[in-house]
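So the chains spell out like this:
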Amino acid sequence: MTETDAFAADLLRGNTDTIVLGVLRRADNYGFEIHKTIREAAGGDHEIKEATLYATYRRLEKDGLVESYWGDESQGGRRKYYRITDAGRAVYRARVSAWVATRRIIDTLLDVKDK
Amino acid sequence: MNTDIHRLLDEAFAGVDMTAEARELKEEVRANLMARTDELESTGSSPAAAARRAIEELGPIEDLLGSPVASKTPSIAELHARNKVRPKPGFVVRTTLLSLAAAGAITVAVLMAFEVIDGGPSGVVALGVAAAAALGFVTADSLRQETTTNYAMPIGRAVGWGVATFAIIASLAAFAGFATDSDAVPLAIVGGALALAALGLFSWLGATQTNRHKAWVQQQSHHQAYGQATRFETDIAAASRFGIYSGVVWLVGIGAAIGLAIAFAWWWSLVVLGVCTVITMLILAKMLYAPEPAKDADK
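Protein chains in written order, with my numbering: chain H, 2 to 116; chain Z, 48 to 346.
No lab work stands behind these hints, which were simulated from the structure alone.
Errors might be hidden in some of the hints.
Unchecked claim - Simulated restraints on C-beta separations:
no.	chain 1	residue 1	chain 2	residue 2	range
1	H	105	Z	330	51 to 57 Å
2	H	69	Z	110	15 to 21 Å
3	Z	139	H	102	26 to 32 Å
4	H	102	Z	161	56 to 62 Å
5	H	41	Z	146	47 to 53 Å
6	H	71	Z	294	33 to 39 Å
7	Z	252	H	29	16 to 22 Å
8	H	74	Z	65	21 to 27 Å
What the hints assert, rightly or not - If you only want the chain Z side, here are some residues facing chain H, beta carbon under 7 Å, derived:
no.	residue
9	81
10	82
11	106
As the list claims (entries may be wrong) - Simulated crosslink set (BS3-like; lysine-lysine; CA at most 27 Å straight-line):
no.	chain 1	residue 1	chain 2	residue 2
12	H	50	H	63
13	H	50	Z	73
14	H	81	H	50
15	H	50	H	37
16	Z	131	H	63
17	Z	73	H	37
18	H	81	Z	73
19	Z	73	H	63
20	H	63	H	81
In this text the structure is predicted, and so the values were computed from the model without any measurement.
Glycine is no exception: its CB is placed at the ideal position from the N, C-alpha and C atoms.
Okay, chain Z solo, but in the shape it has when bound (with noise of 0.2 Å):
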């Protein structure tokens, strides 16, 4: 291994402050010498020869580091009007009808659903499942759009969002199909698989997401350190406080789950375990986005 690197870096670096992001800067640095001199090497340079040209072609090092630019911060009312998109007609449209046509069909299928209107459960399913295709296009157009903070997402993606939020509908669909008419057990099986299908995607898709948000947001976000992070990144107490709440809650759901299965039917604990659900994304909703404490202030 060439040594005279480590050397030739060290000199390099000597008299520059160093700050976090010079270190990481010259650790940087360090690896990609490593791989100029074994190239050069390679080609039939000495050691030295080769170590000593791999700094020479870096440059001096002030350059790498650059200086900081300083200028005055626009608020975040100006950026936002800097940068303002406005959002495409069509877009809006359709979005609109999509949703409205959803929440009627929606409507009409709980009503069938609880016989109030006739229809069974082939006609829940099919208004399900009609509602879910809206809604998961509705989905994937509103991440296919460039928005005054975020880039449109890639359309592969976008069409994953869109997939995964039409899989969890029409499972859901297929559940309250179920419900109507508890002979149809293809349906309580079609509906697992459409969940546990989406849960899959929803995570893969959570778990590999990138930055979407605009290089002015981003700079926001550097400018105030708290300004986006969440509230369970700042507050471990409201994080733990989330755990016992839905810890609770799911406790209670699961015994009472229990109860009725036991006492009326087994289809009446996905119910109640439906409700624990939207408990738990409540609470989330409610206690992830708070406003910060006010002690953060005087900091």
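Chain H with its partners taken away, still in its complex shape (with noise of 0.2 Å):
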């Protein structure tokens, strides 16, 4: 991995939390569709490991931001599904506020001049 990659993986990976609250912003999901809809969007390169969020989904659930329940899939493993909860999207909220103003300070002493 280069130093760029690295950088990248950093930013992505002190967001996961958000991204995770993002991902069942939309609809409640279970782990392998979770990771899937992660890994797809980051396209492949600097994805976040099945590792850090196993322990996410863990912190968010403590936290009372996700609850967690059980499938009924008849064949194959149950899945745990994870549903957002109000306080889960209320942190989302907040977060993706904090990240949208700080991007712009970033974008600003950076000097990014896109779009």
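Could you fit the two chains together into a complex? Lean on the hints.
What follows is the structure, encoded as structure tokens:
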């Protein structure tokens, strides 16, 4: 991994909680699909590790930002689904506005001029 | 179906202390690995290779389990102070003013209903609906506020609680108008419809409610298993006593309502049923939030 890749991966990893909340905001989901959504959005280069995601689910659940329940699949393993709570939505919104504000500051400081 | 995954999963979890948490994690991981191997097989991997690769992607199991954070737990008072959120001045002012206005409107409406002041049923209903609107707004507004223990409720849900509050109070206003003038049958119909709508909305909101507590409150309730549980969950006898009490209240109430309806006029039964509701709520409040019995202290 190049130094640039590591920088991008760090940025992504630093926002894992918010990213997971963002995925769950659309619909309840289970680990594989959440991981796949992130993997596909990241284009395969800098993905968030599965181990990180399991730790994230546990932390989010402990903080009351998500709730989990077991699916009723008849064949194969039963899936553990996660659902975002009202507290989770509030945190998600606060984090997104913080991100937007911070991105603007960094864009200004780094002199980014696209679009 | 790919069976390699189960063997590899057992191997990965060999030597892990199988606590309830670890067992649950293993089942969660199993379903995710099966979905991942299906995906890999659909792109042409052999079942054995797909299973191996899925397990490898997972990394060491110890990383998944993590280590519990052990640190000194601060007292509730300290946590409260650290997480304190002051109410917004504007919110306090408008809530106070609207509550005062609603209380004034209800007082005048009651005086009108008993014909102390002239106003008739239309006056009673108009003031009642105004009070309902004010209190409905106060409800929604309060739920939208971030507090020390809770996050602000999403706007749609907060509005739902506000509308339900409005509907239940407005239905009382319509019934009061009807009690003032028993020829105004449409008022009773509107009141009944509003009450049903309010009950339906309250039930739906209650059933779909999710967590709104902040993380520090959540953790606090993990530390003290009994701290946040309601009394009915921990004390079955109290729950059944509550059932018996409210059963008695309602039996007596319904009997009295029928008696009054036959002896005087049928709308008296509404008054009795209203009183029964209030008594039930008071018993509920008294019993559900009673202090824990002392026997829990020596556990």
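To see whether the hints hold, each was checked on the structure:
no.: 1; hint: H:105 with Z:330: 51 to 57 Å; in the structure: holds, 56 Å
no.: 2; hint: H:69 with Z:110: 15 to 21 Å; in the structure: holds, 20 Å
no.: 3; hint: Z:139 with H:102: 26 to 32 Å; in the structure: holds, 28 Å
no.: 4; hint: H:102 with Z:161: 56 to 62 Å; in the structure: holds, 57 Å
no.: 5; hint: H:41 with Z:146: 47 to 53 Å; in the structure: holds, 51 Å
no.: 6; hint: H:71 with Z:294: 33 to 39 Å; in the structure: holds, 36 Å
no.: 7; hint: Z:252 with H:29: 16 to 22 Å; in the structure: holds, 19 Å
no.: 8; hint: H:74 with Z:65: 21 to 27 Å; in the structure: holds, 23 Å
no.: 9; hint: 81; in the structure: holds, 5 Å
no.: 10; hint: 82; in the structure: holds, 4 Å
no.: 11; hint: 106; in the structure: holds, 5 Å
no.: 12; hint: H:50 with H:63; in the structure: holds, 20 Å
no.: 13; hint: H:50 with Z:73; in the structure: holds, 17 Å
no.: 14; hint: H:81 with H:50; in the structure: holds, 18 Å
no.: 15; hint: H:50 with H:37; in the structure: holds, 11 Å
no.: 16; hint: Z:131 with H:63; in the structure: holds, 21 Å
no.: 17; hint: Z:73 with H:37; in the structure: holds, 19 Å
no.: 18; hint: H:81 with Z:73; in the structure: holds, 11 Å
no.: 19; hint: Z:73 with H:63; in the structure: holds, 18 Å
no.: 20; hint: H:63 with H:81; in the structure: holds, 15 Å
Checked against the numbered hints given earlier, the structure satisfies every one of them.
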